[in-house]
Amino acid sequence: MNRYFIPAFFLTLTVALYVWSVRVFRQYDWTPVRMPISFEKARSYTATFRADKTTTYYAEVESNRPTDDSSFGEPLRANVASCTVRDGNGEQIGNPGGGGGFGKKIYSTLTKFPATRGETYSVTVAIAPANILLNRLNPHLKVEITPVDFKEAYVNTALIKYGALFSAVVTVATLIYAISRRR
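Residue 1 is where the sequence shown starts when you use the working numbering, and the numbers rise one by one after that.
By construction, these hints were calculated from the structure, which means they are not laboratory data. Given the structure is predicted, the values throughout are model-derived calculations rather than measurements. Think of the CB as a built atom: it goes at the ideal place given N, C-alpha and C, for glycine as much as any other residue. Fair warning: there could be bad hints in the mix.
Label-pair distances were calculated between CB atoms; the ranges are [what the hints assert, rightly or not]:
#1 66 <-> 9: 48 to 58 Å
#2 179 <-> 152: 46 to 56 Å
#3 9 <-> 88: 42 to 52 Å
#4 48 <-> 20: 50 to 60 Å
#5 178 <-> 31: 54 to 64 Å
With a straight-line Cα cutoff of 30 Å, these simulated DSS-like cross-link-like pairs (lysine-lysine) come out [unchecked claim]:
#6 104 <-> 53
#7 41 <-> 104
#8 161 <-> 104
#9 105 <-> 151
#10 151 <-> 53
#11 161 <-> 105
#12 105 <-> 41
#13 53 <-> 105
#14 104 <-> 151
#15 161 <-> 151
#16 161 <-> 53
Using the sequences plus the hints, can you model the full thing?
Right, here's the structure in full:
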(Lines of atoms letter the chains of each structure in order from A and count residues from 1; the text may use other names and numbers.)
(Lines give C-alpha, C1' and ligand atoms only; values in the text may rest on other atoms or scores of the structure.)
Protein backbone atom coordinates (compact mmCIF):
# COMPACT_ATOMS: atom_id res chain seq x y z
CA MET A 1 0.00 0.00 0.00
CA ASN A 2 1.25 3.48 -0.87
CA ARG A 3 2.54 5.34 2.19
CA TYR A 4 0.63 8.48 1.15
CA PHE A 5 -2.72 6.67 1.03
CA ILE A 6 -3.66 7.38 4.66
CA PRO A 7 -2.74 11.11 4.53
CA ALA A 8 -4.65 11.41 1.23
CA PHE A 9 -7.66 9.68 2.79
CA PHE A 10 -7.69 12.03 5.79
CA LEU A 11 -7.16 15.07 3.56
CA THR A 12 -10.19 14.05 1.51
CA LEU A 13 -12.16 13.48 4.72
CA THR A 14 -11.14 16.94 5.99
CA VAL A 15 -12.32 18.67 2.83
CA ALA A 16 -15.57 16.68 2.76
CA LEU A 17 -16.36 17.48 6.40
CA TYR A 18 -15.64 21.17 5.93
CA VAL A 19 -17.86 21.40 2.83
CA TRP A 20 -20.61 19.54 4.67
CA SER A 21 -20.41 21.95 7.64
CA VAL A 22 -20.80 24.93 5.31
CA ARG A 23 -23.82 23.32 3.64
CA VAL A 24 -25.48 22.54 6.99
CA PHE A 25 -25.22 26.19 8.03
CA ARG A 26 -26.30 27.64 4.68
CA GLN A 27 -29.37 25.47 4.21
CA TYR A 28 -31.57 28.16 5.76
CA ASP A 29 -32.15 31.77 4.85
CA TRP A 30 -31.28 33.23 8.25
CA THR A 31 -32.29 36.77 7.23
CA PRO A 32 -35.12 36.61 4.66
CA VAL A 33 -35.78 40.37 4.84
CA ARG A 34 -33.25 43.21 4.82
CA MET A 35 -34.89 46.40 3.58
CA PRO A 36 -33.47 49.95 3.80
CA ILE A 37 -35.74 52.42 5.59
CA SER A 38 -35.68 56.16 6.16
CA PHE A 39 -36.55 58.24 9.22
CA GLU A 40 -36.87 61.41 7.12
CA LYS A 41 -40.68 61.35 6.83
CA ALA A 42 -43.60 59.24 8.00
CA ARG A 43 -43.92 56.18 5.82
CA SER A 44 -44.91 52.51 5.96
CA TYR A 45 -42.69 49.68 4.77
CA THR A 46 -44.02 46.23 3.95
CA ALA A 47 -41.91 43.15 3.33
CA THR A 48 -43.21 39.71 2.41
CA PHE A 49 -41.21 36.52 2.84
CA ARG A 50 -41.63 32.76 2.90
CA ALA A 51 -40.47 30.97 6.06
CA ASP A 52 -37.64 28.47 5.56
CA LYS A 53 -38.04 26.88 8.97
CA THR A 54 -40.71 26.35 11.60
CA THR A 55 -39.34 28.53 14.39
CA THR A 56 -39.56 32.01 15.90
CA TYR A 57 -38.67 34.94 13.67
CA TYR A 58 -37.78 38.42 14.88
CA ALA A 59 -38.58 41.72 13.14
CA GLU A 60 -35.99 44.39 13.97
CA VAL A 61 -34.83 47.84 12.98
CA GLU A 62 -31.05 47.70 12.72
CA SER A 63 -28.42 50.32 11.95
CA ASN A 64 -24.70 50.90 12.15
CA ARG A 65 -23.35 52.08 15.49
CA PRO A 66 -22.48 55.79 15.53
CA THR A 67 -18.74 56.49 15.53
CA ASP A 68 -19.12 59.00 18.36
CA ASP A 69 -20.48 56.13 20.53
CA SER A 70 -23.77 57.87 21.29
CA SER A 71 -26.66 55.50 21.82
CA PHE A 72 -29.33 55.57 19.13
CA GLY A 73 -30.98 52.34 20.32
CA GLU A 74 -33.85 54.10 22.06
CA PRO A 75 -34.49 56.62 19.24
CA LEU A 76 -34.64 53.71 16.80
CA ARG A 77 -37.39 52.12 18.86
CA ALA A 78 -39.22 55.39 19.50
CA ASN A 79 -39.40 56.24 15.80
CA VAL A 80 -41.28 53.07 14.87
CA ALA A 81 -44.95 53.90 15.24
CA SER A 82 -46.20 50.34 14.73
CA CYS A 83 -45.20 46.91 13.52
CA THR A 84 -47.67 44.25 12.40
CA VAL A 85 -47.06 40.77 11.10
CA ARG A 86 -49.71 38.97 9.10
CA ASP A 87 -49.71 35.34 8.09
CA GLY A 88 -51.03 33.96 4.81
CA ASN A 89 -54.63 34.15 6.10
CA GLY A 90 -54.29 37.86 6.92
CA GLU A 91 -54.39 37.27 10.68
CA GLN A 92 -52.19 39.45 12.84
CA ILE A 93 -49.65 37.50 14.88
CA GLY A 94 -46.64 38.21 17.06
CA ASN A 95 -45.64 39.61 20.43
CA PRO A 96 -44.00 42.94 21.17
CA GLY A 97 -40.26 42.63 21.62
CA GLY A 98 -37.48 44.73 23.02
CA GLY A 99 -33.76 44.85 23.24
CA GLY A 100 -30.76 46.49 21.74
CA GLY A 101 -27.59 45.40 20.02
CA PHE A 102 -23.94 45.66 20.86
CA GLY A 103 -20.87 45.79 18.65
CA LYS A 104 -20.82 47.36 15.18
CA LYS A 105 -24.61 47.25 14.86
CA ILE A 106 -27.42 48.51 17.07
CA TYR A 107 -30.94 47.23 16.79
CA SER A 108 -34.38 47.35 18.31
CA THR A 109 -36.53 44.25 18.26
CA LEU A 110 -40.03 45.25 17.19
CA THR A 111 -41.80 41.91 17.44
CA LYS A 112 -41.25 38.20 17.48
CA PHE A 113 -43.63 35.74 15.90
CA PRO A 114 -43.96 32.02 15.27
CA ALA A 115 -43.62 30.96 11.66
CA THR A 116 -44.34 27.69 9.89
CA ARG A 117 -42.10 26.41 7.13
CA GLY A 118 -43.44 27.17 3.66
CA GLU A 119 -45.96 29.80 4.84
CA THR A 120 -45.85 33.38 3.57
CA TYR A 121 -45.71 36.27 6.05
CA SER A 122 -46.03 40.02 5.65
CA VAL A 123 -44.30 42.48 7.99
CA THR A 124 -45.49 46.10 7.96
CA VAL A 125 -43.61 48.80 9.86
CA ALA A 126 -44.88 52.37 10.17
CA ILE A 127 -42.06 54.88 10.69
CA ALA A 128 -42.68 58.18 12.46
CA PRO A 129 -40.67 61.19 11.27
CA ALA A 130 -37.50 61.61 13.28
CA ASN A 131 -34.06 63.12 13.32
CA ILE A 132 -32.75 62.96 9.75
CA LEU A 133 -29.27 62.28 11.16
CA LEU A 134 -30.43 58.73 11.91
CA ASN A 135 -30.39 58.08 8.16
CA ARG A 136 -26.59 58.35 8.06
CA LEU A 137 -26.44 55.16 10.16
CA ASN A 138 -27.96 53.07 7.34
CA PRO A 139 -31.16 51.94 9.11
CA HIS A 140 -32.99 48.95 7.72
CA LEU A 141 -35.84 46.60 8.54
CA LYS A 142 -34.62 43.09 9.16
CA VAL A 143 -36.49 39.82 9.74
CA GLU A 144 -34.34 36.95 10.93
CA ILE A 145 -34.12 33.58 12.59
CA THR A 146 -31.98 34.04 15.66
CA PRO A 147 -29.25 31.55 16.55
CA VAL A 148 -30.87 31.00 19.96
CA ASP A 149 -34.01 29.68 18.30
CA PHE A 150 -32.15 27.44 15.92
CA LYS A 151 -29.32 26.05 18.01
CA GLU A 152 -28.97 22.72 16.27
CA ALA A 153 -27.59 24.29 13.09
CA TYR A 154 -24.82 25.93 15.11
CA VAL A 155 -24.16 22.82 17.19
CA ASN A 156 -24.12 20.49 14.17
CA THR A 157 -21.89 22.88 12.22
CA ALA A 158 -19.47 23.16 15.14
CA LEU A 159 -19.32 19.39 15.66
CA ILE A 160 -18.67 18.78 11.97
CA LYS A 161 -15.95 21.45 11.93
CA TYR A 162 -14.30 19.89 14.99
CA GLY A 163 -14.30 16.59 13.09
CA ALA A 164 -12.69 18.36 10.13
CA LEU A 165 -10.08 19.92 12.42
CA PHE A 166 -9.27 16.54 13.98
CA SER A 167 -9.02 15.01 10.51
CA ALA A 168 -6.66 17.82 9.44
CA VAL A 169 -4.40 17.14 12.43
CA VAL A 170 -4.36 13.41 11.61
CA THR A 171 -3.59 14.30 7.98
CA VAL A 172 -0.56 16.37 8.95
CA ALA A 173 0.66 13.75 11.44
CA THR A 174 0.38 10.86 8.99
CA LEU A 175 1.96 12.93 6.22
CA ILE A 176 4.93 13.77 8.44
CA TYR A 177 5.23 10.11 9.39
CA ALA A 178 5.05 9.02 5.72
CA ILE A 179 7.75 11.52 4.72
CA SER A 180 10.02 10.53 7.64
CA ARG A 181 9.72 6.81 6.74
CA ARG A 182 11.04 7.60 3.27
CA ARG A 183 14.61 7.90 4.52
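Results for each hint:
{"no.": "1", "hint": "66 <-> 9: 48 to 58 Å", "in the structure": "holds, 53 Å"}
{"no.": "2", "hint": "179 <-> 152: 46 to 56 Å", "in the structure": "violated, 40 Å"}
{"no.": "3", "hint": "9 <-> 88: 42 to 52 Å", "in the structure": "holds, 49 Å"}
{"no.": "4", "hint": "48 <-> 20: 50 to 60 Å", "in the structure": "violated, 32 Å"}
{"no.": "5", "hint": "178 <-> 31: 54 to 64 Å", "in the structure": "violated, 45 Å"}
{"no.": "6", "hint": "104 <-> 53", "in the structure": "holds, 27 Å"}
{"no.": "7", "hint": "41 <-> 104", "in the structure": "holds, 26 Å"}
{"no.": "8", "hint": "161 <-> 104", "in the structure": "holds, 27 Å"}
{"no.": "9", "hint": "105 <-> 151", "in the structure": "holds, 22 Å"}
{"no.": "10", "hint": "151 <-> 53", "in the structure": "holds, 13 Å"}
{"no.": "11", "hint": "161 <-> 105", "in the structure": "holds, 27 Å"}
{"no.": "12", "hint": "105 <-> 41", "in the structure": "holds, 23 Å"}
{"no.": "13", "hint": "53 <-> 105", "in the structure": "holds, 25 Å"}
{"no.": "14", "hint": "104 <-> 151", "in the structure": "holds, 23 Å"}
{"no.": "15", "hint": "161 <-> 151", "in the structure": "holds, 15 Å"}
{"no.": "16", "hint": "161 <-> 53", "in the structure": "holds, 23 Å"}
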